[in-house]
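Trainee: Top to bottom, those sequences are chains S and L.
When we follow the numbering used here, the leftmost residue of the first sequence carries the number 62, and every step to the right adds one.
When we follow the numbering used here, the leftmost residue of the second sequence carries the number 62, and every step to the right adds one.
It is worth saying that the hints were derived from the structure and are not from the lab.
Any given hint could be a false lead.
Heads up, the list lumps identical chains together, so a pair's fine if it works in one copy or across two of them.
What the hints assert, rightly or not - Keeping only pairs whose Cα atoms sit at most 30 Å apart, straight-line, the calculated DSSO-like set for lysine-lysine is: (1) K403 - K574; (2) K707 - K550; (3) K218 - K476.
Protein chains: 2
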Amino acid sequence: MPKQNVDILLINGWLVAMDDQMNVYPDGAVAIKNDLIEAVGPSAEIEAAYQATTVIDCRDCIISPGLINAHTHAPMTLLRGLADDLRLDVWLYGYMMPVEREFVDHHFCYTGTLLACAEMIRSGITTFCDMYYNEAEIARATAEAGMRAILAQTILKFPSPDATNYDESLDYCRQFIEEWLGHPLIIPAVGPHAPYTATPDMLKSCVALATEFDVPLHIHVGETALEQENSRNQHNMTVVPWLDQYNLFQAKVIAAHCVHLGDTEMQTLRHYHTGIAHCPSSNLKLASGVARVQKMVNLGLHVGIGTDGPASNNDLDMFEETRLVAFLQKGIFNDPTLLPAKTAWTLATIEGARALHIDHLTGSLEAGKRADIAVISINATHQLPRFSHNPEAVYAQLVYATKATDVRDVIVDGKLLMRDRVLQTLNEQEIIKEARQVAKQIDTFLIAREGNILSKLLAISADFIPQETFEIQVKINVPESINLDTMLKETELETFRSSIREQYDTYFLFEDKEAGRLRFREDHVKTEQGELKDTFYRMTLMGPTSEKEFENSILLSRGRYTASAGHTLRFYREYFKPASEREVVKHRRRCHVAYQDTHFAINLDRLGDSETKDVYLEIKARTWSAKDALRKAELIGELLEKFGFKTESQFKIEYVDLIEQV
Amino acid sequence: MPKQNVDILLINGWLVAMDDQMNVYPDGAVAIKNDLIEAVGPSAEIEAAYQATTVIDCRDCIISPGLINAHTHAPMTLLRGLADDLRLDVWLYGYMMPVEREFVDHHFCYTGTLLACAEMIRSGITTFCDMYYNEAEIARATAEAGMRAILAQTILKFPSPDATNYDESLDYCRQFIEEWLGHPLIIPAVGPHAPYTATPDMLKSCVALATEFDVPLHIHVGETALEQENSRNQHNMTVVPWLDQYNLFQAKVIAAHCVHLGDTEMQTLRHYHTGIAHCPSSNLKLASGVARVQKMVNLGLHVGIGTDGPASNNDLDMFEETRLVAFLQKGIFNDPTLLPAKTAWTLATIEGARALHIDHLTGSLEAGKRADIAVISINATHQLPRFSHNPEAVYAQLVYATKATDVRDVIVDGKLLMRDRVLQTLNEQEIIKEARQVAKQIDTFLIAREGNILSKLLAISADFIPQETFEIQVKINVPESINLDTMLKETELETFRSSIREQYDTYFLFEDKEAGRLRFREDHVKTEQGELKDTFYRMTLMGPTSEKEFENSILLSRGRYTASAGHTLRFYREYFKPASEREVVKHRRRCHVAYQDTHFAINLDRLGDSETKDVYLEIKARTWSAKDALRKAELIGELLEKFGFKTESQFKIEYVDLIEQV
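Based on the sequences and whatever the hints tell you, model everything.
Mentor: Below you can see the structure in the form of structure tokens.
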């Protein structure tokens, strides 16, 4: 019988088919014609039946289905190593979001994806599932690289780098789907970011869109314990049932992370054939926890493995992830037989394909599937020796002893993307040059920002406002018995507003005095009866002051900026990294008075804890005008006289400077 | 001023000194003369002051102190991938110990160490701390490779591959120390394996030996929760105080693992300046748990990082370990700011040196220390781009984005061991050839053993004995009301021993019928009053039978082997991996009787649980002789007649074959 012509023959390899029978051919071969696998079997049989122009000898190599990276944010390669070892909020709100807001555009997404594809091809990945912005640019880069991908356009309830609102995102997503649907490599998808960044209406629109085009829907689910806690508090249910209300799982869902799922939630996902993308490195590095992967596998859920974005990993190395999946299940759930190498390699390949709902296309080496293949050298010192007494040792070899850098050749859709570790479709040096260019701009931006507290504060505050430049203030140490209301009554001043406040101030001090000071104020407003009425949190940046002393008051001139503080004190501490801190706690009785048609705040402040109260009277005014400031300073002098205080008893420093350094 | 002559100049690198000031030189250089670092500083300064014959340009590289592998069993490279995903006891008693008993000799230790050194040099390791057998051979190989090492000769209370008792090991260890003490690279050490494999006397001798020569003492401490549990049960205290009783920590101790230490135990180790070798991969893979590293660091303990032996890891990759240390502390102890990259790299270098009590020699780049250096390329796709806004990003780059394969050059004691990824002191191909040879022998041994249940059983049983080849037995289904004692009395048979037993049998069945069956029997011996007197656990291998049926009995001829079962049923299940199992539970009244001067066992057996008891009378005898078997079969016939049973009521299969497959 004459030999059949095919395009590529891979021969003489240790072949793991990852098919239903888990066939392993110690001397195996694959015949590839066009984009498809024509045949898989022992080398002798395949070579007897087929001939090809390209014959690749895979001696001392494993032939495996290419790895499937079930969850990433590819362009974030450009943010690799930007900020590490930070708490999630500091990392996200302090670094990722401000930088993304500033830099994520078409060029960023295209360049970052090219860099990601180069790295992924090098480490044997043939398919990835992405969620980011400007997804059409990511598709363009991925198609150029020749990789297979499910690309989900991010949809958020709030403005994102590529849309001012979610209607815009949905429109863009529809356009993106229409443009790419039916492409041999790219499967467009809908990417509502997460339950906590979605509205019910937004979710329904996402499901409708995914259903209309029969494309996958990619979403983060149950990544942190906090997400579940908030969901229970806000919706009285955990995230999976909450999403289920809006029929989310009717779509072909790929749920990333799933670290914190209850048993019932797992059952729900199983019922709907939802795919899971487990991301062990990212879940550890961001301290989210360890997903119960063996449990999910036992339940029959399809679990794939993802690297997550390289900003939180910091690489796209599926070998590292796959090993970690096995290690963590054993070590954390206390049983070394959990998630053996064979299962781990299944998750990295065919189960990954199932999780992405594309196992009819890829994930195993079987005739009729697309030719997505990794040829992995097993001849490095760190992989030797080998034992053959256990036929399943090939999986242990792959999972426990092989590195991403051992991948030799990569084929996707029948096309060689890497041969002998040389990329065939991408100009790596050009990509790196371009990536360095983007990184340099980000670096310049961050260097400027990190050197300036105002810029740092602006980067994380939506409602930041500059305040009056001039502050006129005087403080006088007064007897504990003083009564502000009586005093004001006696002096017949018009009091038009008053309040009682407990104020907890934390000052961040920096080594560079010119940098100014930051004050985090927790302000409890109380009724006359002492009941808590309201609580405010404010950040105030006080620039360095130029003081001008008057006879009866201090006139301060400085830049002041204030914003509501949406984050915790801990957040600001970790974000600003002050050299030292000081705390000022005071009970304040505040009256706003009018004197000579001018407003003043008069505060009676009891400093410190209840045991050792020092009592001060403070008179204060603010203005934008230097001339007005002088006038107000005069008026404060008159007020002091009216109250009968001697000017020499006043003092000129601020409360924070009275306090010992913490 | 004329330039000073040195041997090697490393210039233009991003240098992390890991000294007390944590100096980082963005364009740094090192001058090396003989075995020592002559100077470290900015390239411009160093180049102005020194000239060398060998100048290595480290552009786009990080220059770091070489990595310190604080705990390994180097020759176990030869057992890499031998057995994975097994529970500790199956792995240890079923595979490691039988193979080590058979193969670990001088050649094994020498060859395995050469392979380990090749792998370690390739991944930037310059110093390692070992514990194994034939340590002088390990020293010979390490010195040839040119690596620095602390080499601890293993001492066990029971026989080991290199000694029949611990006196022999201690003698060998003394000899080894005397031979290698003062070597520029090798520091010999004493290695009592672990608290649970030591006697107090042995520990005292180890401490005395280590103290006499002022060499380190290396020991596994608190690796598993079980070790601590057993220690509390046996000694009424945890392992650290138990060891402290014998003044162990007076020596320069390096304690490996320390996964399960209480706070007080940590304080004790801190007090004695004990070094810790943390092995994250191994602790996960063997399901030991995660050590509280950040806590130990906070207490001021010196914690190094170890790969552990490549049989349980399965490699010697310190980059992987270092990343894992950071990941695990964050992910498991719920805080992403724990163990930041800077700390992780410290543990991998200078803290590793401190843990090994050799920080006066190595661990940092400082004038006067030995020149132990790794030059690490940072130009691979997976490491790009880079950001410079954060001066500590260099540590994140090393820990989170760099792989062992990025190491370019390695210098130990001033000598280049690798340059441009080519090993300078070792013939890698020769070593690999030799390693493959050893592996092949082990493979052959294991293939033979795995194919033969008897060999597998022999490998794990100390007291295995063959039993009589011929078994003559007959069973009769009898009424539930039967009373064996009355029956024997009436027939005037001499009864010389009787017992009551509850027997729980688990049969392992294999696909290959010729392989025979394995029976795990839990045998509860009771008094006439029903009180538990004794419990036996036995493994019995029953070879395939050739049956010969007699008129009144069945004559079985087969190989039978029995041994006391020292492991759990679970162990045997995981070790033998039966195709299926069957359980037989019975209540047995057994009488030994003499008839015609011949001994017979007569059993009255009630099968199954108490609800549905089938009652059988069984008459049994065994013999080595075929002729004697025939005679006993005749006598059994006579006995049956004597008891008044019809021969046609007898049946010919064994209980296990009555039972449905589990």
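Trainee: Taking the hints in turn, state whether each one holds.
Mentor: So, going through the hints one by one against the coordinates:
1. Taking the shortest alpha-carbon separations for K403 and K574, only the inter-copy value of 27 Å comes in at or below 30 Å, while the best intra-copy value is 60 Å.
2. Taking CA atoms no more than 30 Å apart as the test, K707 paired with K550 passes inside one copy only; the shortest distance there is 20 Å, against 122 Å between copies.
3. Taking the shortest alpha-carbon separations for K218 and K476, neither the intra-copy value of 40 Å nor the inter-copy value of 60 Å comes in at or below 30 Å.
Violated hint: 3 only; the structure is consistent with all others.
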